[in-house]
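*Asks:* Next come the chains, spelled out residue by residue.
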Amino acid sequence: MSPSSTTPVLTERERPTWLYPYRQDAQLGWHGEQVLRPLLPVSLVNGDRGTPRLAGLVATGADLTLVSDVLAEQLGIGLEDYEGEGDHLAAGGVVRARYKTIDLRLHAPDAGLHSPDAEQDPNAGQGPDAAEDGYRQWRQWRSKIGFVEDWPSNGLVVLGNVGFFDQFEVAIGGSSQAVAIADPDTDRDAFAAEPERLSPVASAPS
Amino acid sequence: MDQIRTDFTGYEGQYVALDWRTGEIVLADADPQVVLREAKDRDHVVVQGRVPYPDEPTRIY
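These protein sequences, in sequence, are chains A and B. This note's numbering applies: residue 2 is where the first sequence begins, and numbers increase by one. This note's numbering applies: residue 645 is where the second sequence begins, and numbers increase by one.
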């Protein structure tokens, strides 16, 4: 059997790419058609407290991951004890976010999405083959995010550059209407091969 | 890739949670805390958010 025909063995450091088809949004489009959006199952975790799974909107234009402050109650955190605050333009208006550092989870597209009670089992976060390949049903990271009062969106979570895109390689397919999530390849600089593309002014003829 | 379709009709103004496998709405309430609390005890359930009324402006997100 040639090396190219073998099934790669995934280690815990080489987790598979997760593929999420777009999901239907609750609003109709401006022509009355159904709207499909890149929504991912995520949750927020604060020690032994956590939110249920939430539909997080992948938003490349958002500088920061922002969530509704109604989630603070689920997490048992008080937003009066924040780590800074700032104004953000969101949905056509200015919102004030209070920043907190917290754990976030992205759940696998084919995960059982079991209830938090099941997660109390230390093995519950792992897939059936966890012992063999280190596969987990979620990817978890810690980041500073913004909790927004008078949240203007219908969804509860907007996944932005800080707190989401800085954690993964993210590919959003317009025609395929799907989102692919992979771990960052720390051994490869994806842009290093064609540096001129990143500096068009410098490479332009004089 | 087949998309999961959801019928949000009749839930306008309420927060809803879906069975993520089927798109079926399994929880709905005007109070988001009720939906968040109830969703925690259910497998395969994801809280989507609030269903807008048809005459609300189309949101960017």
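Quick caveat, the hints were computed from the structure, so don't treat them as lab data. Even for Gly, the Cβ is constructed at its ideal location relative to N, Cα and C. Hints may contain errors.
Quick list of simulated restraints, FRET-style, between CB atoms [stated by the list, open to error]:
1. A:Q141 to B:T702: 32 to 40 Å
2. A:Q178 to B:T702: 16 to 24 Å
3. A:Q178 to B:E668: 32 to 40 Å
4. A:E74 to B:E656: 33 to 41 Å
5. A:Y83 to B:R649: 23 to 31 Å
*Asks:* Next step is simple, just say for each hint if it's right about the structure.
*Replies:* Hints, one by one, checked against the model:
Between Q141 of chain A and T702 of chain B, the C-beta spacing of about 34 Å keeps the proposed range 32 to 40 Å intact. The hinted window of 16 to 24 Å between Q178 of chain A and T702 of chain B holds, with their beta carbons roughly 19 Å apart. Q178 of chain A and E668 of chain B have their C-beta atoms about 21 Å apart, which leaves the hinted 32 to 40 Å range violated. At roughly 24 Å, the beta-carbon separation of E74 of chain A and E656 of chain B lies outside the given 33 to 41 Å, and the hint is violated.
Checking the proposed 23 to 31 Å range against Y83 of chain A and R649 of chain B shows it is violated: the Cβ atoms sit about 39 Å from each other.
Hint compliance for this structure: hints 3, 4 and 5 are broken, all remaining hints hold.
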